[in-house]
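Residue numbers (my numbering), protein chains in the order written: chain H, 188 to 440; chain Z, 210 to 373; chain L, 13 to 120.
These aren't lab readings, by the way, just hints derived from the structure by calculation. Treat the hints loosely; a few may be bogus.
Claimed, not checked - In the DSS-like style, the derived pairs of lysine-lysine whose C-alpha atoms are separated by at most 30 Å in a straight line are:
#1 H:K212 / H:K263
#2 H:K367 / Z:K272
#3 H:K212 / H:K342
#4 L:K27 / Z:K272
#5 H:K212 / H:K335
#6 Z:K343 / Z:K312
#7 H:K212 / H:K367
#8 H:K282 / H:K263
#9 L:K58 / Z:K343
#10 Z:K312 / L:K58
#11 Z:K343 / H:K367
#12 H:K282 / H:K335
#13 H:K282 / H:K367
#14 Z:K272 / Z:K343
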Amino acid sequence: MTSASRVVATALLALAGAAGAEEIKPGSAFLSPQMQRQQEDEARNPGWLWVEQGEELFSRRDGVAPTCASCHADPKRSLRGAAARYPQVDAAGGKLINLEGRIEQCRVERQKQPAFGYESQELLGLTAYVASLSQGVPLSVSTEGAAKPYYEAGKSFYERRQGQLNLACTQCHDGLVGQKLRGDTISYGIGTGFPAYRLEWNGLGSLHRRLRACSLGVRATQFDYGSDEYLALELYLAVRARGLPVEAPGLRR
Amino acid sequence: MSSPISPACARPEPALSRREVMAAGAAGLALAALPASTQAAAPPALAELITRVTEGAVPERSKITFDIPQLVENGNSVDVAILVESPMTENDHVRWIHVIAEKNPFPDVARFHLTPRSGRADIRATLRLATSQKVAVVASLSSGGYVMADADIVVTLSACIDGG
Amino acid sequence: MASFNARITMPAEAKAGDIVEIRVLVRHPMDRGGQVDAEGRVVPRKILNRLTVIYAGEPVFRYDMHTGVSANPFVSFTTRAVETGDLLFEWREDGGATFTRTARLVVT
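Generate coordinates for the entire structure from the input sequences, incorporating the hints supplied.
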């Protein structure tokens with residue numbers, strides 16, 4: 188190989204890299220500088236109100252034994268990075284679960300308590316708290332083994348045209364990134380900031396709540412919170428976001 | 210709290226809250242004495258809304274730095290920063306700062322009461338704006354005078370929708 | 013109904029005479045009244061209508077809130093450090109409920 192062709196090859200490699208995973212930016216990159224600063228600011232980002240609630244629930248007694256903290260002692264260390272590995276296939280049940288699902292599983296199976304329910308303030312709080320312990324940790328979900336069919340299903344969901352508007356996720360979230368849709372800017376559609384405080388919601392919400400809004404937006408079937416469809420999609424989005432840091436609780440328009 | 214809110218947001222403010230705010234401010238005392246019918250008319254213009262809180266005085270446009278995004282991303286939560294030039298001494302300080310959004314269903318948005326112990330008249334807050342409009346800030350000075358500033362803002366998503 | 017919680021951010025210590033900034037974020041839906049919820053019921057107005065802050069024996073700040081204040085409102089203000097002691101924050105909600113929190117300022 189001549190030195191000139193080596194330079195060209197290197198340049199092409201760099202380009203290929205830029206067009207691949209490196210190109211995908213988190214949702215926060217599409218916020219105004221003011222909102223970006225607010226997301227970073229624990230005194231200003233209202234998502235931390237939910238994190239605080241979750242932190243309290245984590246070690247709350249009132250008859251619940253064991254508490255979360257009984258098993259997960261020193262959560263700032265023991266659970267750091269945990270959220271970055273979800274969704275994952277649950278070894279016992281063989282099914283894909285996300286962080287919300289894992290917390291509910293602990294609650295029902297280990298604490299013998301009634302489930303909080305998806306999108307309840309308690310589950311949002313606990314999810315936000317546990318996710319916040321992984322802030323800055325790069326996403327590293329697995330697509331191997333039992334996770335593979337879920338990954339394939341999520342990818343196919345993302346690429347399939349749906350709804351009365353006949354749109355696939357990829358058409359906007361790859362094809363029209365940076366353009367405006369109503370008052371918002373189209374992002375890469377990844378969930379690193381969730382659960383996130385959305386101004387439109389006046390509160391904290393899960394990624395599945397956001398996905399339900401997307402489905403509604405293209406006049407497609409809205410799947411249930413925690414449904415297999417959204418879990419598979421969540422896994423695919425997490426693969427797209429591999430290497431990007433957990434930002435939860437994010438701040439979004 | 211997470212339940213979706215329908216777009217039915219243009220309901221009139223309950224009468225109770227209007228009376229409450231009127232009773233709260235010194236300027237409101239004069240107005241509360243007016244017959245109810247005069248309050249039921251079309252929404253008053255901004256100038257009138259301002260003179261209601263200044264006991265008729267027309268505030269001077271000075272001393273206030275009013276920072277609000279010209280293009281509001283979502284009317285549900287709009288950051289405002291208000292800074293009034295004042296030594297904040299016993300003899301010369303800002304008594305209160307009042308925010309008026311003329312096209313909100315209830316235009317009196319907020320009032321911040323300060324004292325010489327505030328050290329500075331320096332406030333930040335998050336407000337809710339129904340639509341594109343002019344937002345005014347009026348400060349009452351211990352000297353008895355008033356100063357004001359205003360800003361035209363465009364709301365791209367008002368505080369009235371929920372796309373789910 | 014979501015739980016009430018407040019995040020009060022301010023320096024733990026200040027020199028006498030310093031002006032300290034106090035930032036307050038509080039969890040409250042600030043229901044302005046008249047909306048229809050998912051079940052079709054009209055949500056009555058329920059907001060925090062006042063925050064009063066007392067420090068070294070007297071009110072140093074008061075925030076009168078009406079329906080034009082955002083959900084989960086944030087506010088920041090300043091006060092001059094005068095003596096070591098608690099700042100008492102008291103929120104009043106429509107219907108008369110009150111919530112209080114304290115934050116300590118050590119003055120050197």
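Restraint check for K343 (chain Z) with K312 (chain Z), where alpha carbons must lie at most 30 Å apart: It holds: about 8 Å lies between the C-alpha atoms, which stays within 30 Å.
Does K367 (chain H) sit within 30 Å of K343 (chain Z), going by the straight-line distance between their CA atoms? Within the cut-off at roughly 25 Å; holds.
Just to be careful, I want the Cα atoms of K367 (chain H) and K272 (chain Z) compared with a cutoff of 30 Å; is the pair within it? 37 Å, violated
Proposed proximity, K342 (chain H) with K212 (chain H) (alpha carbon, max 30 Å): 18 Å, holds
Keeping to a limit of 30 Å between CA atoms, is the pair of K282 (chain H) and K335 (chain H) held or broken? 11 Å, holds
Can you confirm whether the C-alpha distance between K312 (chain Z) and K58 (chain L) stays at or below 30 Å? Given pair K312 (chain Z), K58 (chain L) holds - Cα atoms ~21 Å apart, limit 30 Å.
For the pair supplied as a hint, K282 (chain H) and K263 (chain H), is the alpha-carbon distance within the 30 Å limit? 27 Å, holds
Between the alpha carbons of K212 (chain H) and K263 (chain H), is the straight-line distance 30 Å or under? 26 Å, holds
Verify the proposed pairing of K272 (chain Z) with K343 (chain Z), using a straight-line Cα cut of 30 Å. This hinted pair holds, its Cα atoms lying about 19 Å apart.
Going straight from one Cα to the other, do K212 (chain H) and K335 (chain H) come out at no more than 30 Å? 24 Å, holds
Straight-line Cα separation of K282 (chain H) and K367 (chain H) no greater than 30 Å? The given pair, whose Cα atoms are some 37 Å apart, is violated under the 30 Å limit.
Just to be careful, I want the Cα atoms of K212 (chain H) and K367 (chain H) compared with a cutoff of 30 Å; is the pair within it? 16 Å, holds
In summary, the numbered hints that this structure violates are 2, 13.
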